[in-house]
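K.L.:
Chain residues, written in single-letter form:
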Amino acid sequence: MQSAGEIETLIARVALGDREAFASLYDLVSPQLFGITLRVIKQRAAAEDAMQETFTKIWRNADRYQANGYSPMAWLVTIARNTAIDSLRARQKVQFSDFEMHDLPSPEPTAEQRVVAQSELGRITDCMDELQPRRREAIRLAYLDGESYAGISEQMDVPLNTIRTWLRRGLMSLRECMSR
Amino acid sequence: MSDFDDEDVFAAEYALRLLEGEAEQTADDKLRKDPVFAQRVAYWNDRLSRVADEVAPVAPPPALKTRITKQLFGPSEAVSLWNRLGLWRGLTFASLALCAVLLFDASQKAPVTPEGQGGEYLAEVISDDATVRVLVHYDPATQELGIVVSSGQPTSDRSLQLWGIGDNAAPVSIGVLDSGTTSKFILPNAFIDNPARVTLAVSDEPLGGSPTDQPTGAVVAVGQPVVF
Numbered sequence: 053m054q055s056a057g058e059i060e061t062l063i064a065r066v067a068l069g070d071r072e073a074f075a076s077l078y079d080l081v082s083p084q085l086f087g088i089t090l091r092v093i094k095q096r097a098a099a100e101d102a103m104q105e106t107f108t109k110i111w112r113n114a115d116r117y118q119a120n121g122y123s124p125m126a127w128l129v130t131i132a133r134n135t136a137i138d139s140l141r142a143r144q145k146v147q148f149s150d151f152e153m154h155d156l157p158s159p160e161p162t163a164e165q166r167v168v169a170q171s172e173l174g175r176i177t178d179c180m181d182e183l184q185p186r187r188r189e190a191i192r193l194a195y196l197d198g199e200s201y202a203g204i205s206e207q208m209d210v211p212l213n214t215i216r217t218w219l220r221r222g223l224m225s226l227r228e229c230m231s232r
Numbered sequence: 002m003s004d005f006d007d008e009d010v011f012a013a014e015y016a017l018r019l020l021e022g023e024a025e026q027t028a029d030d031k032l033r034k035d036p037v038f039a040q041r042v043a044y045w046n047d048r049l050s051r052v053a054d055e056v057a058p059v060a061p062p063p064a065l066k067t068r069i070t071k072q073l074f075g076p077s078e079a080v081s082l083w084n085r086l087g088l089w090r091g092l093t094f095a096s097l098a099l100c101a102v103l104l105f106d107a108s109q110k111a112p113v114t115p116e117g118q119g120g121e122y123l124a125e126v127i128s129d130d131a132t133v134r135v136l137v138h139y140d141p142a143t144q145e146l147g148i149v150v151s152s153g154q155p156t157s158d159r160s161l162q163l164w165g166i167g168d169n170a171a172p173v174s175i176g177v178l179d180s181g182t183t184s185k186f187i188l189p190n191a192f193i194d195n196p197a198r199v200t201l202a203v204s205d206e207p208l209g210g211s212p213t214d215q216p217t218g219a220v221v222a223v224g225q226p227v228v229f
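Just so you know, the sequences run in chain order R and V.
End of the first sequence = 232 in my numbering, gap-free, step of one.
End of the second sequence = 229 in my numbering, gap-free, step of one.
It is possible that some hints are incorrect.
Claimed, not checked - In silico DSSO-like links for lysine-lysine, alpha-carbon gap of 30 Å or less:
(1) Lys109/R with Lys34/V
(2) Lys34/V with Lys94/R
(3) Lys185/V with Lys109/R
(4) Lys31/V with Lys145/R
(5) Lys66/V with Lys94/R
(6) Lys109/R with Lys94/R
(7) Lys145/R with Lys185/V
(8) Lys109/R with Lys66/V
(9) Lys145/R with Lys109/R
(10) Lys109/R with Lys31/V
(11) Lys145/R with Lys94/R
Keep in mind that the hints were calculated from the coordinates and are not lab data.
Kindly generate the complete structure, drawing on both the sequences and the hints.
P.N.:
See below:
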């Protein structure tokens with residue numbers, strides 16, 4: 053995982069219109085952002101289009117990064133994820149194949165992946181571990197796969213209202229845990 | 002459990018993109034107008050982004066980076082010397098900026114005789130910023146066009162292609178230009194009767210020229226032949 057300082061510096065340079073910094077930033081973070089994008093969109097061509105949109109936003113909005121209090125990678129991830137979800141939902145409006153839209157649920161992270169995640173202020177990962185498994189799964193489906201309440205309900209085969217409750221309670225637990 | 006309120010959960014749901022329809026619109030609005038709410042949303046996005054740490058990186062295809070940088074920054078440094086007059090397709094003649102044809106250096110060519118008497122034709126096809134200059138010489142006696150790219154070579158993966166455009170007609174390819182040497186072509190029959198009325202244009206194409214019979218690349222220079 054790249055240092056936050058390095059990414060922050062690149063973003064600051066991109067904000068000044070530094071194309072080389074943009075290229076370096078792309079090289080550094082695009083694999084992670086592409087992974088995240090693909091996880092949501094699940095289709096290569098559309099994911100590549102979303103990546104183009106993501107990096108366009110990064111280029112155009114780098115000067116607004118400092119203003120909103122995100123950690124640098126979180127800012128990039130948020131842009132990528134939101135762009136991916138916008139794309140996914142736009143496509144879902146015209147495509148009816150559930151088969152295409154719902155992949156097999158992805159497994160929980162391995163122990164090794166969790167160690168890596170925890171190595172840097174991974175408070176949320178510890179807190180996620182404290183959640184009841186089904187609530188954790190619901191949150192992961194929402195965050196990583198961009199699933200709607202209806203989609204989560206379908207995937208987990210649980211009524212919609214139950215999912216809403218699980219999610220809200222899960223989020224409240226997370227908040228409490230993270231503020232300890 | 003009661004340290005925070007429903008608004009925090011609302012912010013979290015919004016960050017998770019779980020809100021739909023009116024609820025989402027309300028939140029969009031709130032995000033813009035309510036800085037405290039905006040901060041809550043930022044908090045959630047920031048913390049939740051660590052959930053993505055477990056996602057394995059996937060190297061994007063190299064072509065994607067090229068696509069992105071091209072779109073954001075325009076053509077690559079070498080090609081950006083070209084003055085792009087805009088994509089050919091869809092432009093009418095009236096909208097193309099016809100540039101002045103410059104006098105050809107008389108010392109380089111034998112004296113020419115006036116038009117209509119079998120005279121030779123000369124044209125310099127030049128882009129607006131003068132970085133691309135293509136000299137065209139036409140000898141009606143042989144129907145031969147001699148063309149020299151005097152400045153503005155294309156990059157190694159691109160070619161310049163010369164086109165002739167008659168009145169109200171689609172461009173006709175004259176040929177793909179060599180770099181650095183004189184290219185020789187035979188003027189297409191469509192233009193033989195009245196070479197002076199032909200508009201010459203140069204476009205930037207993939208290596209080897211347009212894969213179709215029409216320009217696919219941007220027009221980089223336009224000029225009309227003048228007889229001296």
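K.L.:
If you test the structure against every hint from before, which numbers come out violated?
P.N.:
Failing hints, ascending: 2, 3 and 7.
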